Each structure stands twice: as C-alpha cells, then as structure tokens.
Amino acid sequence: DTEVTQTPKHLVMGMTNKKSLKCEQHMGHRAMYWYKQKAKKPPELMFVYSYEKLSINESVPSRFSPECPNSSLLNLHLHALQPEDSALYLCASSQSSVQGPEAFFGQGTRLTVV
Amino acid sequence: GIQVEQSPPDLILQEGANSTLRCNFSDSVNNLQWFHQNPWGQLINLFYIPSGTKQNGRLSATTVATERYSLLYISSSQTTDSGVYFCAVFFLSNTGKLIFGQGTTLQVKP
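Chains A and B supply the protein sequences, listed in that same order. Sequential numbering from 1 applies to the first sequence in our numbering. Sequential numbering from 1 applies to the second sequence in our numbering.
Take the hints with a grain of salt, since some may be wrong.
[Unchecked claim] Computed list of lysine to aspartate or glutamate pairs in EDC-like fashion (alpha-carbon distance at most 16 Å, straight line):
1) A:41 x B:10
2) A:41 x B:5
3) B:97 x A:84
4) B:97 x A:3
5) B:97 x A:44
6) A:40 x B:27
7) B:54 x A:102
8) A:41 x A:84
Think of the hints as simulated: they come from the structure by calculation, not from any bench. This structure is a prediction, so every number in the text was calculated from the model and none was measured.
Kindly generate the complete structure, drawing on both the sequences and the hints.
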C-alpha cells in the first residue's frame, strides 16, 4: 500500500475562518511534507517533518501552522488566509528525509480563500 | 544555485507517436523521481531512478548521474498520457528537500 490520504478534497474558506487540512499514511514512513502548488506551477515545499519533529520550514507565513501529532498524521492549520493563498495543497511521505528515498503524494486539497 | 530544468515546457503529439522528456539538474543527487500529474492534481509516481535505466510498459527512464540529466521516454503515446510530467530531485547538498522542475505539459491528440 503506497497510499497517502488527504482530507478534505476541496475547501472554501473566508479570510477570517480557521480550518485544518489533514494527511494520513500507514506505510511506516517517518518523514512527511507539505507542498503548495499554484496553477501551472510546480509544487513548492512548505514544511518537512522528520520523526514527528519539524525539520524544515521554508519561511512560510505564520498563518500556516503545521502539526504532526504522530508518525502517521500530519495537519496544516489555516488561519486568516489571503485570497492569494488559494492553491492545491499536497502532502507527501517518505521513509526518511535523508538519503533521498522515494516520496509518495496524496491527491491534494484544493483550497479557495474568499 | 540549485536548479532543476525540464524541457520542452510544452509538447503536442498525435496518438501513437513517441517522445522524450529531459530533466537537467545542477548538482549531485540522492534521488530523482518522475511524476505524472493528472487533471485532478494527483501526482502519480512513474519512476524512482537516481541512476541507471528502468522500464515500465510504454514508459522508460534513464538517469546519467555523472552528467546530471535524466530522460523519460514515452512510446506509442495515448490520450491518457496527457498531463504534466515533473521530475523532482533530492540534492546531496540540500538534504530533506525534494525539489521539482517546472514540468512538461503533454497533450496527446486522438
């Protein structure tokens, strides 16, 4: 099983709302990632968790708050977003974040901020 | 700086044609992957290929790590091959970051 599951698939939120994106994997992977993808652009790395600890934050604004409650789950908490934050948010996992193991992606959450 | 460059940016083929997509990278790598992104946004793993050659049906890939490039071959293309093809790389010097190229958008016409 190489499945990474993201919920919800679609989300519309207002600029004053608080919402969360969820990601789950049961492959025993110890690294999990959040990427943001705008239309007609490649995915851009936001955060990396390694063994449930935040190891990389690509200077992401604080209105995005990641959380890794356990080795299978990754959340992205959203608060006071702007319309320009509308994008496809992709979660990925791999065995680790070093030595370059194969990464697997979820189907994404398409977020619209109104 | 660290770069991943893909060519061509866009490609239009007639069904049944063959094509070659290229990925150049600027530094030594731990890992190189090829993905196909379908119209719904799902990134589908095609190949994990830090070096050497692999084949999977009508698709094959070759990475020449010493010369810092990888090629994805699509033979006898089908309309379902349409979409965006990305290569993504873990650089040795930038541990923990899987960095994507800009992608090649492929359209296969019936």
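Hint check results:
1. A:41 x B:10: holds (13 Å)
2. A:41 x B:5: Holds: residue 41 of chain A and residue 5 of chain B sit about 13 Å apart, inside 16 Å.
3. B:97 x A:84: violated (24 Å)
4. B:97 x A:3: Not OK: residue 97 of chain B and residue 3 of chain A at ~21 Å, beyond 16 Å, violated.
5. B:97 x A:44: Holds. Residue 97 of chain B to residue 44 of chain A sits at ~10 Å (cutoff 16 Å).
6. A:40 x B:27: violated (25 Å)
7. B:54 x A:102: holds (15 Å)
8. A:41 x A:84: Holds. Residue 41 of chain A to residue 84 of chain A sits at ~14 Å (cutoff 16 Å).
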